[in-house]
Amino acid sequence: MKRRTLLIGASGTAAVLATSYWVTSNNTLQTASGSDSMQADDISEDEYPKLAKDWTEFAPAGQSFPDPSDTLTLSKEDWQHRLDAAAFDVLREEGTERPFTSPLNDVKDTGVFVCAGCDLPLFTSAMKFDSGTGWPSFVTKIDGHLETRRDFKLILPRTEYHCIRCGGHQGHIFSDGPKPTGQRWCNNGVALKFVPKTSA
1076 MKRRTLLIGA SGTAAVLATS YWVTSNNTLQ TASGSDSMQA DDISEDEYPK
1126 LAKDWTEFAP AGQSFPDPSD TLTLSKEDWQ HRLDAAAFDV LREEGTERPF
1176 TSPLNDVKDT GVFVCAGCDL PLFTSAMKFD SGTGWPSFVT KIDGHLETRR
1226 DFKLILPRTE YHCIRCGGHQ GHIFSDGPKP TGQRWCNNGV ALKFVPKTSA
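Numbering-wise, the sequence shown is residues 1076 to 1275 according to our numbering.
Please note: incorrect hints may appear among the correct ones.
Distance windows between CB atoms, simulated [unchecked claim]:
#1 Pro1255 / His1156: 18 to 26 Å
#2 Glu1169 / Ala1136: 13 to 21 Å
#3 Gly1219 / Thr1148: 12 to 20 Å
#4 His1156 / Gly1257: 34 to 42 Å
In silico BS3-like pairs for lysine-lysine, Cα to Cα no more than 30 Å straight-line [claimed, not checked]:
#5 Lys1272 / Lys1183
#6 Lys1151 / Lys1268
#7 Lys1183 / Lys1254
#8 Lys1268 / Lys1254
#9 Lys1254 / Lys1272
#10 Lys1268 / Lys1183
No lab work stands behind these hints, which were simulated from the structure alone.
All residues carry an ideal CB built from backbone N, CA and C; glycine is no exception.
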């Protein structure tokens, strides 16, 4: 094993442990209104499936979104033309943005988070919580809009997830999120766009 690979693996392990501490010590979720935060324990387990299925309640009235079955396939050159350099690196090259750089970390309004590559809704504001990790984090996702696979880039296996419509890389799932799901869908901000329910 090369020394560089070993160091990358060690740093990845340290990062996972550090983010685990932050999440468990700051165990809050955004409310549907986005104006307050609430303890994750205040949400019952049977409410999470409702959050995942009733996502349209958080979308602007009358706005249409693409169907997840309407697959979007583009060439590398077309993606480079469609996306800026940072979004292309994450969505098409599976890069990772620097933590605490995304304006979406501070978004508290009601709305939906859509794929920056194809506009498919992936999360709602009610799913978002402050993980303290520096990346937009969600406790669950919109049903049927994301697909997962195993990732061994940091030696230790991780679960990465992609937009099911365009295949764009979004982030990784960790098991240090709030109760009752215990999940943290850790997303790159440049891979998302926020669509508010109402305009300012």
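Cross-check of the supplied hints:
no. : hint                          : in the structure
1   : Pro1255 / His1156: 18 to 26 Å : violated (43 Å)
2   : Glu1169 / Ala1136: 13 to 21 Å : violated (35 Å)
3   : Gly1219 / Thr1148: 12 to 20 Å : holds (19 Å)
4   : His1156 / Gly1257: 34 to 42 Å : holds (40 Å)
5   : Lys1272 / Lys1183             : holds (12 Å)
6   : Lys1151 / Lys1268             : holds (21 Å)
7   : Lys1183 / Lys1254             : holds (20 Å)
8   : Lys1268 / Lys1254             : holds (26 Å)
9   : Lys1254 / Lys1272             : holds (26 Å)
10  : Lys1268 / Lys1183             : holds (14 Å)
Taken one by one, the earlier hints fail for this structure at numbers 1, 2, listed in ascending order.
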